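Q: Chains as they are written, first to last, in our numbering: chain A, 1 to 279; chain B, 280 to 596.
Don't read these hints as lab results, they were simulated from the structure.
These numbers come from a predicted model, not from an experiment.
Which chain B residues stay away from chain A? Per the calculated CB distances, all over 12 Å, these:
1. 415
2. 467
3. 474
4. 484
5. 490
6. 522
7. 572
8. 574
Here are some chain B residues pointing at chain A (derived, C-beta under 8 Å):
9. 349
10. 385
11. 394
12. 398
13. 439
Note that CB positions come from ideal geometry on N, CA and C, so glycine has one too.
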Amino acid sequence: MRLIRSEFLKIRTTNVWWLFAMGALLLLALAFAINALNMHFGVLNPPPEAQQGIDAEQAAQLAALKAPAALTSYMVTSGQYFGLMFVMLIGIITITNEFYHQTATSTFLATPHRTAVIMAKTVAAGIFGALLWAVTTAITIPATIIFLNAEGVEPALGDSAVLRAIGLNLVAYVLWALIGIGIGVLIRSQVGATVTAMVVYTVGTIAVAIIIQVLVNLLHWDWIEDAQWAFPSIASGLMVSGVDLPGQPHYWIGGLILLGWAAVTGLIGTLITRTRDIS
Amino acid sequence: MPPVDRVHDTVPMGYEITDGEIVVSGLTKHYKQVKAVDGLSFTVKPGRVTGFLGPNGAGKTTTLRLLLNLVTPTAGTGTIGGHRYADLADPLQHVGAVLEASSAHRGRTGRNHLRIICAAAGLPDSRADEVLELVGLAPAAKRKFKGYSLGMRQRLGIAAAMLGDPRVLILDEPANGLDPEGIRWMRDLLQKLANEGRTILVSSHLLSEMELLADDVVIIAAGKLIAQGPLEKVIAEMGDVGQVRVRTPDADKLAAALGSATVVKGDDGSLTIRGVDAAAVGEAALAAGIVLHELTTERPDLERVFLDLTAGKEAIR
Chain A
1 MRLIRSEFLK
11 IRTTNVWWLF
21 AMGALLLLAL
31 AFAINALNMH
41 FGVLNPPPEA
51 QQGIDAEQAA
61 QLAALKAPAA
71 LTSYMVTSGQ
81 YFGLMFVMLI
91 GIITITNEFY
101 HQTATSTFLA
111 TPHRTAVIMA
121 KTVAAGIFGA
131 LLWAVTTAIT
141 IPATIIFLNA
151 EGVEPALGDS
161 AVLRAIGLNL
171 VAYVLWALIG
181 IGIGVLIRSQ
191 VGATVTAMVV
201 YTVGTIAVAI
211 IIQVLVNLLH
221 WDWIEDAQWA
231 FPSIASGLMV
241 SGVDLPGQPH
251 YWIGGLILLG
261 WAAVTGLIGT
271 LITRTRDIS
Chain B
280 MPPVDRVHDT
290 VPMGYEITDG
300 EIVVSGLTKH
310 YKQVKAVDGL
320 SFTVKPGRVT
330 GFLGPNGAGK
340 TTTLRLLLNL
350 VTPTAGTGTI
360 GGHRYADLAD
370 PLQHVGAVLE
380 ASSAHRGRTG
390 RNHLRIICAA
400 AGLPDSRADE
410 VLELVGLAPA
420 AKRKFKGYSL
430 GMRQRLGIAA
440 AMLGDPRVLI
450 LDEPANGLDP
460 EGIRWMRDLL
470 QKLANEGRTI
480 LVSSHLLSEM
490 ELLADDVVII
500 AAGKLIAQGP
510 LEKVIAEMGD
520 VGQVRVRTPD
530 ADKLAAALGS
540 ATVVKGDDGS
550 LTIRGVDAAA
560 VGEAALAAGI
570 VLHELTTERP
580 DLERVFLDLT
590 AGKEAIR
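One chain only, chain B, in its complex shape:
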């Protein structure tokens, strides 16, 4: 495992940076039996990490593959910086993608795998060594892919995506197979890349991870858009401003002082109050002369929002 400060040398190559906005418009992919993606529209802004969320089978992977010209859409378009992927002259210098961890020839070394991509993209061989250094795989560069752990394969995928120093990075479930340290490493890397002005679109079903990483979220289920926008806003718009947790020796007195608010007594002696904010609870307690031992606002977490939003949508069709 590399030291975490490795993420600070991303070796920009000075390619001209164009607007890296991703625009998905009416994107649709019907297979014989299922509508994998169904009239999906959303935008992804540069300079931010956008979490692409949905239950398994929601159509996340298909959407990303449609965007990258690997799957032909039934209808609609997906553009990156205003161009379809197939129309980009040097696609790897604009867009990097990490789609699956097990995507190299088992008998080939990690370095040769990258050199083959360099050759096809017209990049110098030296880029292979630079990105291996970036992801901390330099010691395993000359080892064959079949000897790589899942985490190393994931790092090799990220290395391949970074070869062309792209403005836009698209990652499909990159946290899969990474250990906690690896996940933290990746989070730091992606946030750093976003701070450099790049567009980062990362799909995941690991909601807790996205809460730490994402600035924006796009939530889909059954191939359709459920919600999109800044993470805070999507959570807030769930209509629930949150609940207040209080600990006090005078629970009944406080409940009476709060009047119309809903007060629920927890098993551990704490009170969960809905319908008023923390400031109102504090003021009411002061006015009634009640001692408070704890007063915190509990925001609804992404997981609850996500489960609420996607409830009733069949995950697997």
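Here chain A stands alone, though its shape is the one from the complex:
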């Protein structure tokens, strides 16, 4: 318990946490606006010409998104994309700061049991993720009600699928903090770890989607299309959709994949840290 207090104090006593929180909230406003436009023109009031030339699967997806529960979960989880990135970065920095600022020495002098230190860091970063989720959700819920009322749709906030999406969003915020810890212990360099993670998170998501689409079109290996779900950011998007959309795996599979990533990176990183020489 005292270790968790110490680790949380570390996050609280530098500028990083509120810079990240501000960044996440600014991007939340942007994301909500884009999602609202997307829903308005893409799903609720699509222009007639967009209706032509879409195949049956896409039409079914659009129809499923039109349901109030699907619309509400989509809007309420806005800002997730960048929010999760900031939570991941906090997780990474929690670890790499110790080496960047050479504080690992005093940390491991106070607590020679390194596994306990990493566990405490994991919990502290998870708490930070949960707090950011709470603030984000406190903003998106009223914003969603206002937007859907303006669109003439009854917000389905009490719907079990929506509650599940909000809950799963919390799970995503916590799991991404854990993935950040995992990346931090694997890549000790502050700059190396943050840049790698951000590039993989942003460009990587699109790159994987494109590569897989090209492979499917070239080789007609349809199973490759399912491989994209193993990519953490795509898996987390799947998890928080809350409803099973046609042509996609069950939402909870995304959760299991995320948990797997967090567990594997964290475990390998902890084993390395236990025997690493601190100098």
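Following the hints, complete the assembly by docking chain B onto the known chain A.
A: Structure of chain B alone, referenced to chain A:
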């Protein structure tokens, strides 16, 4: 800079004092290319300041980090009060360590840096303010670490080491970055802490400083033990009892009176005599009726002993 009398309030917290002897036994650390520490054994006694000496690259820092469980040994053990560091239940209440000056987050205040350590060690936050007072950093407590001078960083390191009021204090080159007043302050503090019965192990390559500070010395080179024991004894055991310096108007007469002793005439007119002690020179002068203007014994200093002992050992491998 604090007044020097600040060192008199070390705020003991009444933790039970156990035997604080440090025992290093066959300690070895091999990296891919080098044997940084090679079968090193020595002991450090409580109640004394022990200087840990060696040329740069001798393995001093690695030895201290091995002792503190920060580096995993290839072989051998290092124990503090009979326990390995990793086995101590509340390590900071037993052992304080100052390893490098630049070891706090640049954007964090000195006080918060200490409070984080307090939280992890289960110590009350108030200890942070007490040790800041002890090292004279209280006025800079709420300033960020990046604004600290090298000397202030060194003091913050000492403050962190004193948080748990430890029985054993281990310092790696603590004089680095301190100005002469700071060095004197630290010397007084360490001697006071040793007089309280604590074990003080302090590494340095500043030999002149160690001569003033240390009761015992452990000298290593190339990862191996060269000499250990009380400072006086290590110097005396160099086989040279010292030399006698004499000033006299009758230099040639005195040289003749001394017979077999080696007499070397210096540029400033003084004589340096080896092979006899000062008493013998005085008696010989009296018997021969020679006037002496000066008669002093020059002990070999630690620096000369150190250079002799470590000669031929490659410092950097």
